[in-house]
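Sequences listed follow chains A and B, in order.
The first sequence lines up with residues 1 to 464 when you count with the UniProt record's numbering.
The second sequence lines up with residues 1 to 123 when you count with the UniProt record's numbering.
Take the hints with a grain of salt, since some may be wrong.
Not everything, but these chain A residues come out facing chain B in the computed CB check (under 7 Å) [stated by the list, open to error]:
#1 Ser92
#2 Trp94
#3 Ile98
#4 Pro259
#5 Ile277
#6 Pro286
#7 Arg288
#8 Pro342
Beyond 10 Å from chain A on every Cβ pair, some chain B residues (computed) [claimed, not checked]:
#9 Arg3
#10 Asn8
#11 Asn20
#12 Arg34
#13 Phe46
#14 Val56
#15 Glu61
#16 Gly63
#17 Leu69
#18 Pro113
#19 Leu116
It should be emphasised that the hints constitute simulated quantities derived from the structure, not laboratory data.
We put the beta carbon where it would ideally sit given N, CA and C, even for glycine.
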Amino acid sequence: MARYLAVFAQAHQEFRVPELESIAQLYNFKLTLSDDPEECDPGRPYMILSLESEDHARLLAKRCVLIKSIYEFYSRGATYDELHSRNRAKRSLWERYIPETSFKFSVTAYNHKIPQRRQKEVVESFSYMDFMGKIDMKNPEISFGCFEEYETRSGKTRERHEGDGEFVQVYFGRLIEEGTARPLIQMFDVKKRSYFGNTSMEAEISLLMANQTLASPGKLIYDPFMGTGSMGYPVAYFGAQVMGSDIDGRQMRGKQTTPGVFRAASQYGVVSRIIDICTFDVTNNPWRCGELFDAIITDPPYGVRAGAKRLGRKKELDAHRLELYHEHRSNPRPGDSPYIPPTKPYELSDLVVDLVLLARYLLKPGGRLVFFLPTVTDQYEEVDIYTMLCPGMEVIANSLQDFGSWGRRLVTIRKVTSERYPPPDFSTRNTEGGDDKTQHVPAHRHFREKYFQGFKKAEEEEGR
Amino acid sequence: MVRLITHNLLACHVKGCTSNNFPLQLQNVQIELREADFNPDFLKTFLPKLEWKALVDSAKELGDTSLPLEQPEMLDDEFLKNLHHVLLEIHIEEGNMICPNCKHSYPISNGIPNMLLAEHEIG
């Protein structure tokens, strides 16, 4: 196993390791994180990985949205002396480039800008490597990268270049591949999309989610809360075929004749991979059998801008009105506008429990369910995630995107059983009233109400 | 654009309608043919999920008789190409899908089927 240096983009730290692991699983190669906590802290921008081949490093760079670039790792140190002495010891890694390979050096920093004069000094300090090839800044055969990592100093005012050289760690290696998945964020930018809605998921997150599903050609992936289709486009771009459904057909259609989802998919050249989009309520779904999909990816509506709905009435009709309804349904009058069935709210914590049960029924063994769960930061407990699990389904990743008082968790659940389960019955749970004190109440229950109350803590509530 | 792969996976789900509720009968349909990526591995793995007779019959109704009545043992290239065409390249743009049992009609408009149920049809 050789060691590689992953340089991460400054975003979504918690999602870094799950993404690496997903891509390694997708292409079926071995990825080992370092045992040294210094080298595998996902909160830091540089991570050292062990891989069996350089090709695997290239695959990571091509598919991981959070990777900026990946280097063959030569050495690191708290000082340049330390870095250089270790780099000398690794001569076998770079001596083949000495005779005639053209090269380039880049010296950059994280959380800091190194003045040009010192950049030059740093490059010169590597002169013991004795490269004979010519320096070529435009098209070198190989590029070396030297990275200084500084503590975060955001929020503090300081002079330009102040603290220069006071880095935590410095890393050095040879460039294998620049990340090419990151530019996809621009390509899938919602603002440039021909069809989107006010709850469309931003491009970076939907790409990360697509990676969690292990999307690739030949797979069939389902979104049961399709909305304007934001989850489907990246999944289809990675080669998978997409099936979508939503209780509200207007979300998928938009206002023009050609449905909006197909228009946006055409823009990305993936319309042939959107197999179908259907209007139905997932709690009353027409799927003929289970074990159909390789993955389920979804961003369920959690109620801040749009709440989840299911078929049914909040209040049942009384006998008289029910009779009128039946009368009207059996003898429709010409000129009546089309019947639109009534809907009622679908509580988020019920929805996620049902979603996991549905996924267990509809996924093939080994398939993944990838979705977002909003949560209240102060009230979240690890056990919240487990309130929604059922036998045969296991959480394999759970990463937080923190917005302060609330956040949302990207949850990846794997179907670990090949046993066949019946479809869920979606019966309305009567968990209101709180008579059952023994049961754990997850922080995402009544998320909408909590959101609009500004996430006041329980004590504050009581004090009023 | 209801494709026949989707049609093969949808059954009537009206409350109490549990037998003879598949396949949904196609009525007044308008079809369009559009190319899709050919992926033999996908077809092979998906084959066991299909209700073969329903697929052959529906394809025939839409004028495609390229599929054999019985699923062949040997999956040669010609068979896979025909299966690919039937499953993924025939799109139903408009029309209705009718339950053979309860006669519920599911309309298709601009390629999107409306599978919603009325309030007396849900459990």
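Status of each hint after checking the structure:
1. The beta carbon of Ser92/A is not positioned within 7 Å of any beta carbon in chain B (closest approach about 42 Å), and the interface hint is therefore violated.
2. Given hint, Trp94/A at the interface with chain B, is violated; its Cβ is 41 Å from that chain's nearest Cβ, farther than 7 Å.
3. Taking 7 Å as the C-beta contact cut-off toward chain B, the hint placing Ile98/A at the interface is violated, the least distance being around 46 Å.
4. A cut of 7 Å between beta carbons decides the hint on Pro259/A: the least distance to chain B is about 6 Å, and the hint holds.
5. Hint on Ile277/A holds. Least Cβ distance to chain B is approximately 6 Å, under the 7 Å limit.
6. The interface hint given for Pro286/A holds, since its Cβ lies 5 Å from the closest Cβ of chain B, which is under the 7 Å cut-off.
7. Evaluation of the Arg288/A hint against chain B yields a held restraint, the C-beta minimum of about 4 Å falling below 7 Å.
8. Annotation: interface hint on Pro342/A holds; nearest CB of chain B at approximately 6 Å, less than 7 Å.
9. A beta-carbon of chain A comes within 10 Å of the beta-carbon of Arg3/B; the shortest separation is about 6 Å.
10. Its beta-carbon lying about 8 Å from the closest one in chain A, Asn8/B breaks the requirement of being farther than 10 Å from that chain.
11. Non-interface status of Asn20/B relative to chain A is upheld: no Cβ of that chain comes within 10 Å, the nearest being about 13 Å off.
12. Residue placement check: Arg34/B does not keep its beta carbon more than 10 Å from all beta carbons of chain A (closest about 7 Å).
13. Not every beta carbon of chain A lies more than 10 Å from that of Phe46/B, the smallest distance being close to 7 Å; the non-interface claim is violated.
14. Interface exclusion of Val56/B from chain A stands, the closest Cβ pair being 16 Å apart, more than 10 Å.
15. Every Cβ of chain A is farther than 10 Å from the Cβ of Glu61/B; the closest lies at roughly 18 Å, confirming the non-interface assignment.
16. For Gly63/B, the non-interface assignment is confirmed: its Cβ lies about 20 Å from the closest Cβ of chain A, beyond the 10 Å cut-off.
17. In this structure Leu69/B is separated from chain A by more than 10 Å, as the shortest Cβ-Cβ distance comes to about 21 Å.
18. With a closest Cβ-Cβ approach of about 5 Å to chain A, Pro113/B is found to fall inside the 10 Å limit, against its non-interface label.
19. For Leu116/B, the non-interface assignment is contradicted: its Cβ lies about 6 Å from the closest Cβ of chain A, within the 10 Å cut-off.
When held up to the earlier numbered hints, the structure conflicts with 1, 2, 3, 9, 10, 12, 13, 18, 19 and fits the remainder.
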